[in-house]
Structure formats: structure tokens, C-alpha cells
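Number of protein chains: 2
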Amino acid sequence: MTKQAALPVLEIFGPTFQGEGMVIGRKTMFVRTAGCDYSCSWCDSAFTWDGSAKDDIRMLTPEEILAELEEIAPDNFSHVTISGGNPALLKNVGLLIEKLHSRGVEAALETQGSRWQDWFLTVDDLTISPKPPSSLMNTNFAVLDDIVARLRAGNRLSSASLKVVVYDEADFDYARSIHRRYPDVAFYLQTGNDETGEDANTANLASHLLSRYERLVDWTMADKAMNKARVLPQLHTLVWGNQRGV
Amino acid sequence: MTKQAALPVLEIFGPTFQGEGMVIGRKTMFVRTAGCDYSCSWCDSAFTWDGSAKDDIRMLTPEEILAELEEIAPDNFSHVTISGGNPALLKNVGLLIEKLHSRGVEAALETQGSRWQDWFLTVDDLTISPKPPSSLMNTNFAVLDDIVARLRAGNRLSSASLKVVVYDEADFDYARSIHRRYPDVAFYLQTGNDETGEDANTANLASHLLSRYERLVDWTMADKAMNKARVLPQLHTLVWGNQRGV
Ligand code: SF4
Ligand code: SF4
Chain E
1 MTKQAALPVL EIFGPTFQGE GMVIGRKTMF VRTAGCDYSC SWCDSAFTWD GSAKDDIRML
61 TPEEILAELE EIAPDNFSHV TISGGNPALL KNVGLLIEKL HSRGVEAALE TQGSRWQDWF
121 LTVDDLTISP KPPSSLMNTN FAVLDDIVAR LRAGNRLSSA SLKVVVYDEA DFDYARSIHR
181 RYPDVAFYLQ TGNDETGEDA NTANLASHLL SRYERLVDWT MADKAMNKAR VLPQLHTLVW
241 GNQRGV
Chain P
1 MTKQAALPVL EIFGPTFQGE GMVIGRKTMF VRTAGCDYSC SWCDSAFTWD GSAKDDIRML
61 TPEEILAELE EIAPDNFSHV TISGGNPALL KNVGLLIEKL HSRGVEAALE TQGSRWQDWF
121 LTVDDLTISP KPPSSLMNTN FAVLDDIVAR LRAGNRLSSA SLKVVVYDEA DFDYARSIHR
181 RYPDVAFYLQ TGNDETGEDA NTANLASHLL SRYERLVDWT MADKAMNKAR VLPQLHTLVW
241 GNQRGV
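Protein sequences, first through last, are from chains E and P.
Counting in full-length UniProt numbering, the first sequence tops out at residue 246, every number present.
Counting in full-length UniProt numbering, the second sequence tops out at residue 246, every number present.
Please note that a few of the clues may not be correct.
Identical chains blur together in the list; that is why a pair holds if it fits in one copy or across any two.
List of simulated lysine-lysine pairs, DSS-like, C-alpha gap at most 27 Å [claimed, not checked]: (1) 224 x 54; (2) 54 x 3; (3) 91 x 224; (4) 54 x 91; (5) 228 x 3; (6) 228 x 99; (7) 224 x 3; (8) 224 x 99; (9) 3 x 91; (10) 228 x 54; (11) 3 x 99.
If you're looking for bench data, these hints aren't it; they were derived computationally from the structure.
Note that this is a predicted model, so its numbers are computed, not measured.
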């Protein structure tokens, strides 16, 4: 395989645990790709697309990525989470997933759902996370409908979930509309982190985020449209605050 | 259906969220049954079996339980968690699950795995939680092997998980042995709560439990036998402390 198969990689780290969503708590490695077609107001990984880390981007083939994973965690992982940015911009992610599967390693991936890739059908834990109004982004529902329809047609909905991050009541309304639109897709609500500075005190931050989580829980419990929802905080932020690379 | 179908019920409450295990975060109602064949040293629901709440036990039929659930949360749930004590002592739980299913409501249940019931095959989210050494209980592996074998034969492993609560390193060793023994069953590690007094300050308790969770995460990340594990705290305790009935 040549450099034509390469991916723009910003971070490779682990093992750590997945702090969010459908496989929360799972021991996993992280591969973070560069580039995003969105610019969410509260993006917690803006360095992947705002140019601030562009000198850190490395073009790596799937073999090189796997070799690096095995070097930093020899025999110590069976699950890799591909995050971004938006990894769905990258056709070659499909080759990385193939390579992981060939070693018996599972792959999880999160994307906002702005673009389809055929390799979505091969992701073991696919999280589609459309962005609510507070992000200042607009959802393209034609694309999102198409993604869900293709996953359903490919009999892959059981490996997928929808996740909406909620900062305020308008976001919660948006979340409800997403859940209503795709009632047969596993649905997760997640607390938005409104204090993303790396210098925030971790204990104070945890207590602040737990009270925000409690508020989201209250909204969910009061809302009959949310009976099938799962509502979760970001566990890694509760434990480690806003540090990168843990 | 007569009182012959009745179950000894100690608490019915909700909606709230499931704070633990395979459906963590799920909006759910709780039905807590009385009675346990164990007496774990750190049991957080000893009132179900130590006689202290025996005057609160009500003998309720599945119809009566469903009526009460609908009264306290009309149209506001689609999932019920049956907990104890050990609900696997009660043959009639199968009738309650049938009744819930007939209304389109899912059922989750947790048991320590000391006893089989045929209705295990009908539980949507079945958590088997064998007790580690710190509980001072002994696992009957003949029974546990049989339970897992029957779930496998019934093609129900995808609706089941194993969960081990860990207080110390001996418990972690026990957890590893359980995961090794049943490698094809979804496996969860959970932080043990060593401060179960109802008067503990919730914020201090959360910070204490998060540091214990971090320690369990560290052990899991360092251990190659745990690559497929999921490691989780008790979310409800982080939010609400040790209060009952939330
Ligand atoms: S989609 Fe994700 S990576 Fe892209 S800007 Fe939004 S939060 Fe950031
Ligand atoms: S098995 Fe559960 S309910 Fe029974 S004593 Fe142990 S912790 Fe308590």
C-alpha cells in the first residue's frame, strides 16, 4: 500500500476508556484525524480544523497507524476509536478499518452526519452526532435521512446510534426532533461542556458538569418523547477535566 | 390472575435513569423486590433482606405493579428495571415481564447469578453480577456456568452481560477470572461505593468516587486481559449521592 492510502493524523493515543455514547466505558485507543467541514461554536477539538495544529498533521498509511498503535500499547487493545474533526471526509478510513478488522480489532467512529461513506457499513460502533442550534451549524436533513436509510438497508442500524449534545432548551427541542425523525435508531443525549478551558479546576468542573447533567436528566425524565433515550455525561471530562490526549 | 402470581415489592419509583451497567443512562422505572440469598458485606440495599423494611413489603400482582407504574408515570416510560435483593428467587417475575412486554415495555433485571429461572430468556437487558471476595460471599461456579450455558443455548447472550463490582485488587483478580471464564459475554467493571451512608455530602462523595473510578480505570488500562472490558462508575451516586428512591 502506498502513501495514496494515507490519512491526515493529528493524535494517536491510548489505551484509555471511551467517555461518551454507545460504548461508554469501553477500553479503546484513539486515532484523531484532521479536518472538518463544520466549525461548531463550542467545538472541543477545534485544533483539528482551525489551523492551530496544522504542523502536527502527519500523513500516515493504515499500516503505519496500526504499527504506531501496537508500539504504544503492545497487545493492550482490541478496540480503536476514530475521531476528528470529521473522519467521514476521508475515503481512506475504510482501509484503516479493514486493516484493524484483519487483526481482530474493532472500530468505533463518530461523525456529525454531513456526508456518507460506504465504509460506514463496516464500522462496529458508528455514532452519528448531528449538531444542535447552539453549535450555529445547520443540519442537512436530506443527507442525514440518506445516511440512516443506507444503514437501515445495509442492516447496520444495530451497530449505529444517534447522539445529540445538549447545551440549552433549544438544543433539547432539536434532540427531540431528531429522535422523532429516526425512532428506530438508538438515541443518546449528552451533556454539553460549556467550560472547555484546559486550566479549569478538574474537581470544580466535575461538580459543575454533574449539575448540568442532572438538569438534562430532569428534562429527559419529564418528556414522554424521550422514553427510549439514554442520557449520559462525558465521563472522561468528569475524571480528567479538559486535558487532551487522555 | 390471583394473588398466587404476587411478588414481594419494596419500592416502585421513577422515571429515573439507569446509573449502571449495560444500559447505563437509559430512562427507566424501578421495581425493587424483597429477599436475597446473599448477605454481601457492602450491600447497598440490605433493607431488602435484613428485616429492617419488612413492614414495607407489599404482595402485588403483575397487574397491580403495572397499574402503579402507570399511575406514578402515565405514558412516561417504556423500560422497567427489576432489582432487589435477588429477583431471581421469584418465579413470578416471569409473569411481570410478560405483562410488561404485552404493553410494549422492555424489562431489565440484575441478579448475582446464584439461581436460574426460565424467564431469564425473556429479559431484554439481563445483568449477571457475581460477587467478588470483598463481599465475603462465595460464587457457585457450577450454577454460574449453567446460567451462561443456558443463555448461550437460548441465543440470548446478546441481551445479557456480566458485571463485577470492584473494591480492591483481590476483587479485580476475581473480575479477571470471570471475564476469562466467559469471554463471549459482554463484560462490565464497576467501581465499588465504599461510603454508603445516606448523610455523606454528595459533592465530596462524587469526587471520592471519581478518584476510585480513575484507579479502576488505571488497573483496566494496564491489564491485557481486560481489552474487551467496559469500566463504569455508578452515575446515579455521582449525581444524587446515597439517597434512596431516585
Ligand atoms: S463537527 Fe465536531 S470536530 Fe467538527 S467543528 Fe463540530 S464539534 Fe468540532
Ligand atoms: S446479592 Fe445484591 S442484594 Fe443480595 S446481599 Fe449482595 S449486594 Fe445485597
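Cross-check of the supplied hints:
| no. | hint | verdict |
| --- | --- | --- |
| 1 | 224 x 54 | neither (45 Å within a copy, 34 Å between copies) |
| 2 | 54 x 3 | within (19 Å within a copy, 71 Å between copies) |
| 3 | 91 x 224 | neither (40 Å within a copy, 32 Å between copies) |
| 4 | 54 x 91 | within (20 Å within a copy, 63 Å between copies) |
| 5 | 228 x 3 | neither (45 Å within a copy, 32 Å between copies) |
| 6 | 228 x 99 | between (35 Å within a copy, 19 Å between copies) |
| 7 | 224 x 3 | neither (51 Å within a copy, 32 Å between copies) |
| 8 | 224 x 99 | between (43 Å within a copy, 21 Å between copies) |
| 9 | 3 x 91 | within (13 Å within a copy, 62 Å between copies) |
| 10 | 228 x 54 | neither (41 Å within a copy, 34 Å between copies) |
| 11 | 3 x 99 | within (15 Å within a copy, 59 Å between copies) |
In summary, the numbered hints that this structure violates are 1, 3, 5, 7, 10.
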